[in-house]
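*Asks:* Kindly produce the complete structure, drawing on both the sequences and the hints.
Chains as they are written, first to last, in the numbering used here: chain G, 44 to 493; chain Z, 401 to 705.
Honestly, I wouldn't trust all of these hints.
List time: in silico DSS-like cross-link candidates among lysine-lysine, alpha-carbon distance up to 27 Å [as the list claims (entries may be wrong)]:
no., chain 1, residue 1, chain 2, residue 2
1, G, K79, G, K313
2, Z, K622, G, K405
3, G, K184, Z, K664
4, G, K405, Z, K671
5, Z, K584, G, K405
6, G, K264, G, K313
Which residues of chain Z face chain G? A few of them, derived with a C-beta cut under 10 Å, are [what the hints assert, rightly or not]:
no., residue
7, L515
8, L516
9, Y544
10, T596
11, R610
12, L613
13, P627
14, P629
15, R634
16, F660
So, partial list: chain Z residues that the calculated Cβ filter (under 7 Å) puts toward chain G [said to hold, decoys possible]:
no., residue
17, P514
18, A608
19, R612
20, N614
21, V625
22, A626
23, S628
24, A633
25, E656
Simulated from the structure, these hints should not be mistaken for lab results.
Just so it is clear, CB atoms sit at the ideal spot from N, CA and C, and this is done for glycine as well.
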Amino acid sequence: MSGISEMLTFLALPFIASVVFVLIHAYLGVHVLRRKIVFADLALAQLSALGASVAFANGYDVTSPAGFAYAFVFTAIGAALLTLTRNLARSVSQEAVVGILYVVATAATILVVDRSPLGAEHVKKILVGNIVTVDVAVIAKFAALYAVIGLLHWWVRRPLLSLSSERGPEGRSRLEVWSWDFVFYLSFGIVVTSSVATAGVLLVFSLLIVPAVIGFTFSDKLSFVLLIAWSAGIAASAAGLACSYAFDLPTGATMVTALAGFLVLASLSKVFIVVDAERRRARLQRAAQTAVVAAFVCILVSSMWLIINPSGDQPLLALLERATGLGSATFLSSSEGDTYESAARDIVRFQDEVDRLDAMEKSARYQGPPLADDEIRRIASYQQTFNEMTRGEQFVRNVLQTKARTRERWIIGLPAAIIAIAGLGLSTRWFSRRRRGEGDDHSTYDSAEV
Amino acid sequence: MRAGLRSLVIAAALLAAASASAALRVVATTTDLAALTTAVGGDLVIVESIVPAGIDAEAFESRPGDLDKLRQADLVVRIGLGYDFWLDALVVRVGNKRIMRGGDAYVDASAGIPLLEIRGQGVVNEGGHAHGVGNPHYWLDPEYAIIITASIAEALVRRAPEHRDRIVANRERFLAELRTRLQKWSEALAPYAGATFIAYHNSWPYFARRFRLNVVGYIEPKEGVAPSPAHLARLISLARTSQVKAILHEPYEPEETSRFMAQKLGVPMLKLAISVGSMPDARDYLALFDYNVATVANALRARNP
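*Replies:* See the structure below:
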């Protein structure tokens, strides 16, 4: 119980922050997807980072008004460049320009930071970001900023949406197109600049693109797309934050993975659930068939790998050993097995010794009589010895495991390969016969309909 | 004609004299080793460091200019222990055997240092960094400067035996000053023996041992991987039970998490100089400890006067 309440106190603010982020980013993501410039956010964010680095190199603090002004000017330059390159789209994809912009801005940032090394942590911050440590003031600032930008976008939604649509700028003067594009890119740049500093590049990119993609999976109508994107984004953020806490994982990366997981779920449900019964049955069948064939192929490949190179890494076999509890020791003689097991025990014992010495030395740093340098040296050499012995036992285990695997290669590898080949042959034949049968069904069905 | 010949002879003599008394060019990998080499070598040496001040040496990317520095080097001084691992590749490129491991112009300053936290490779390392052969931040124990300067002085004498006495005298003068200050530093921190801290990385074991401080946990357990909220929650409860007095922060790391922890715990975040030049006040090796000791002592005094 205390665990859950502690988790809530810890994750409430990050969750509110991610809701705020999802609301504006999923909406902008719709634009970005329609304009086919998915990496524009990275380019603009990187340009603002470049601005911040230049400000730092000129002696301004990044959070000062001057620092903000530099970042803003660089973002505006990026917005202008993206605006002007819309017409390139006929000969070269705008995505190429976006990519070049991103790479050049990154390289320039590295060069600037090289001249003023103390600014390096800001670049690092933008790459990693940490949404866990967001505070109320920052969230309030974001909410106000995004509300203003959201209102602005709602107010001028007509030109903005039509310029992002497939039809493009038909019937508008070039100046009009440019000014609306600039408004879009500039507001977009301001949003991602602010969010990247808190959440990091990876998470912002995912929040921008993934919910919008999920939305478009199910609908083309803007209001539906947005509703789906927002709910998916918020649900995925909540799941990501909870997993990050429960499984002790870095938050940003976990949230990105959770968003991707939701995308997979959405595509699966689009394929299997949001269809009529007959199609669902057919698709489920095909999926099951593919899974069976894939399983046999996996077994075949890994049994061949075991036969060819028994001393190499055997991921599937290791998984099987772990699942059944029948380790390599099963294929060793009893004395070999004893050595194998005692090596494992010794590894634990030696590492316990290393830890014990570590703890002893650590507590002597600040309490009791201090350890003399020579005592420290003695501890260090003991630890080194134990580490060497650990490596030795590890080596023994590796040798014995290879020995066992060399035996398994014929006892397990060969039968598994034969079963897999037989299974593959039988299942593909059976499936193709069934499909032919179904095809006949369909043709009769079609002719009846005619 | 004769005047021309005479001037040539004089020029040649001058050149010879200049090259005889020419300073030794020393390349140190970090600013700390550069500072200690300057202290020992005085005006007998021209010291350059490869990693600029304030840059994380473990994340350093070398550049062509570094090859140039090494090509002209009469002596190379490194931290060792994998901390400045990139030096090996650079030295191989330069191809000068004397500045390679085992050469007479090569100093691994970690030789003879009583190392802390020797952990095997492949064992989960909760301390941060890939510290395979012990924690490499040993220059942050000022008393170890005695050992480090001994290694440097020995190598300098090897390269310039005629200046032996001056090198030894330089070192003695530096160590005398170091001992006086060490006395002051220890006195300044003595009242706070056992004070508890949380650090961003595991960079302070040697500093902690010398001044009897207790670093109970680290914010970023793995280099470059943002800490998980569960880790931070554990750290906060650990910090509360062990009554942590401050957060120690390396200047080249992002401040957000450290500031967040400081806020949650109601303790100050102290940016300490991890190397010479990484904070404006840490101008040389002694000033680095002046600054770090004063920062820690002031923070602790403010908390329990």
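*Asks:* Of all the hints numbered above, which does this structure not satisfy? Sort the numbers upward.
*Replies:* The structure conflicts with no hint, since it agrees with every one listed earlier.
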